Structures are given as structure tokens and as C-alpha cells.
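Please construct the entire structure, taking both the sequences and the accompanying hints into account.
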Amino acid sequence: MSQNPYEATGFYDAAIAAGRHRDVVGGRWDETGRVQMAALMDASVMPHHHLLDIGAGSLRLGCKAVPYLDAGHYWATDASRAIMLAGHKAELEDPARLSTDHLIEDARFEFPGLPDTITHAIAFAVFPHLPLAYLRRALTNLRRFMQLEQFLFTVFLAPDAEAAARPYRQPDGVVTHDIRPPYHVLPEDVAHLARTTGWQITRSDQMLPRGQVLFIARPTRG
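Numbering (the numbering used here), first residue to last: 1 to 222.
One should not assume that every hint holds.
As the list claims (entries may be wrong) - Computed list of lysine to any residue pairs in SDA-like fashion (alpha-carbon distance at most 20 Å, straight line): (1) K64 / E91; (2) K89 / D101; (3) K64 / E31; (4) K64 / D30; (5) K64 / R34; (6) K64 / D42.
Claimed, not checked - Pair by pair, the computed Cβ-Cβ distance ranges are: (7) G72 / T220: 43 to 51 Å; (8) E110 / G72: 33 to 41 Å; (9) P47 / P171: 27 to 35 Å; (10) R97 / E149: 19 to 27 Å; (11) G72 / M41: 16 to 24 Å; (12) M207 / M46: 19 to 27 Å; (13) E162 / D101: 45 to 53 Å; (14) E162 / A96: 47 to 55 Å; (15) A90 / P47: 33 to 41 Å; (16) P187 / T100: 14 to 22 Å; (17) M146 / E105: 18 to 26 Å; (18) V175 / G198: 31 to 39 Å; (19) R97 / D160: 15 to 23 Å.
No lab work stands behind these hints: they were computed from the structure.
None of these values were measured; they are calculated from a predicted model.
Where is the CB? At the ideal position from N, CA and C, for every residue including glycine.
This is the structure:
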């Protein structure tokens with residue numbers, strides 16, 4: 001079975017040492033960051049909101065969101081704090097607007113040390129690299145943020161169970177898989193996880209880089 005390269009020993013250290021902090025988060029740096037920022041604008045994110053960037057990598061979104069948001073309103077998590085710090089050092093126009101205390105290492109989607117003020121969260125190109133259980137974990141643990149209005153996340157989809165059982169070519173040409181990364185899932189899988197963890201979801205029809213699909217999840221409040 002193919003190993004997730006992000007989990008390989010020394011992967012981040014080698015990339016940072018080689019000055020490749022942009023490359024290791026999937027390429028298309030500026031294009032993807034602009035797409036992420038546009039998705040937040042479509043979700044009516046305003047400067048006073050508090051954003052959690054899940055799987056933030058080297059701040060591909062952060063370098064655009066930090067200048068837009070009020071100071072101190074951007075938070076980020078990633079499996080590697082080192083890659084976030086590399087982005088903080090190299091990519092922010094004004095690093096003083098973002099305390100490094102807001103960059104939290106979290107490989108298990110437990111969201112430690114984050115304030116209750118989070119109003120919006122985004123996980124862009126994160127779950128295609130992980131088994132589906134991680135999406136369930138994220139949906140479950142995000143429920144503790146009582147001010148959270150929307151959670152935006154992307155996945156690769158396969159159209160039906162038969163297609164999902166085989167390698168599947170996405171509209172942008174990427175080949176995805178069911179039991180190794182990059183992963184695809186069924187739309188019904190996403191709907192089921194959302195429903196059982198307390199979310200209502202909407203699927204965007206926007207074409208995203210590499211054929212990913214954007215979902216907007218809103219917590220159901222009883």
C-alpha cells in the first residue's frame with residue numbers, strides 16, 4: 001500500500017531545508033490560495049470574523065487571510081508546526097499581524113489551544129490525503145466551537161460505488177483511489193458523516209483545482 005508522503009519521516013524537514021515549503025503543500029500556490037480566499041468571500045467571511053485554517057501548511061491561504069482579517073483573528077493547525085513557521089517567516093507581508101502562538105501542531109484534528117471565538121473554519125485539500133475517518137473526527141470535534149457558523153472543506157468524489165472501487169480519473173486529470181491517497185469518497189459518505197455528526201451540508205458546483213469538490217457545512221443547533 002502506498003504511504004502518504006506527508007507521513008514519511010523527515011518529509012517536512014527536508015522540504016524546508018531545500019526551500020520547498022510552497023511545493024510540498026500541493027503546488028499551484030497563488031492560484032489555490034486565491035481560490036481559497038474566494039471561497040471564504042463567498043461564505044461572507046468579514047474581517048471581524050475568527051478563522052481556523054485546518055491543514056494550513058506553509059500559509060498558502062494565511063498569507064492572504066491574515067492581511068484581510070482583523071489582527072489576531074487567524075488561527076491555523078497542521079500536522080507540522082515547522083511548515084507553518086516556514087510560511088510565517090517567508091510568506092507574510094507583516095509577520096507581526098500573526099502571533100506564532102496561533103500556529104498549532106495538530107495531526108489528529110483535536111483542535112487544542114484554540115479559542116471559543118472561532119466563527120469559520122476551512123480545510124482545503126486536506127481530506128484527499130487522509131482516510132475518511134479523519135473527516136468524521138474533524139466534524140465531531142469542531143462541534144465544540146459554539147460560535148462556528150460554517151466549515152468549508154474539500155474532497156475528491158467518485159460517482160458511485162462501482163467507480164469508487166477502482167482508480168478514478170477526476171475532471172482535472174488527477175487519478176484518485178479508495179484505499180490509498182489521494183482518496184476519493186462517495187457523496188453519500190459525506191452526507192452520512194455530516195448528518196450523524198450534527199451538520200447540514202451544501203455542495204458547491206464550483207470547479208476547483210485538481211477536480212476537488214467543495215462542501216459547506218453548517219452546524220445544526222437543537
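These are the hints, each one checked on the structure:
| no. | hint | in the structure |
| --- | --- | --- |
| 1 | K64 / E91 | 9 Å, holds |
| 2 | K89 / D101 | 14 Å, holds |
| 3 | K64 / E31 | 12 Å, holds |
| 4 | K64 / D30 | 10 Å, holds |
| 5 | K64 / R34 | 8 Å, holds |
| 6 | K64 / D42 | 15 Å, holds |
| 7 | G72 / T220: 43 to 51 Å | 29 Å, violated |
| 8 | E110 / G72: 33 to 41 Å | 22 Å, violated |
| 9 | P47 / P171: 27 to 35 Å | 34 Å, holds |
| 10 | R97 / E149: 19 to 27 Å | 23 Å, holds |
| 11 | G72 / M41: 16 to 24 Å | 20 Å, holds |
| 12 | M207 / M46: 19 to 27 Å | 26 Å, holds |
| 13 | E162 / D101: 45 to 53 Å | 48 Å, holds |
| 14 | E162 / A96: 47 to 55 Å | 54 Å, holds |
| 15 | A90 / P47: 33 to 41 Å | 24 Å, violated |
| 16 | P187 / T100: 14 to 22 Å | 38 Å, violated |
| 17 | M146 / E105: 18 to 26 Å | 24 Å, holds |
| 18 | V175 / G198: 31 to 39 Å | 33 Å, holds |
| 19 | R97 / D160: 15 to 23 Å | 46 Å, violated |
Consistency with the previously given hints fails for numbers 7, 8, 15, 16, 19, ordered from lowest to highest.
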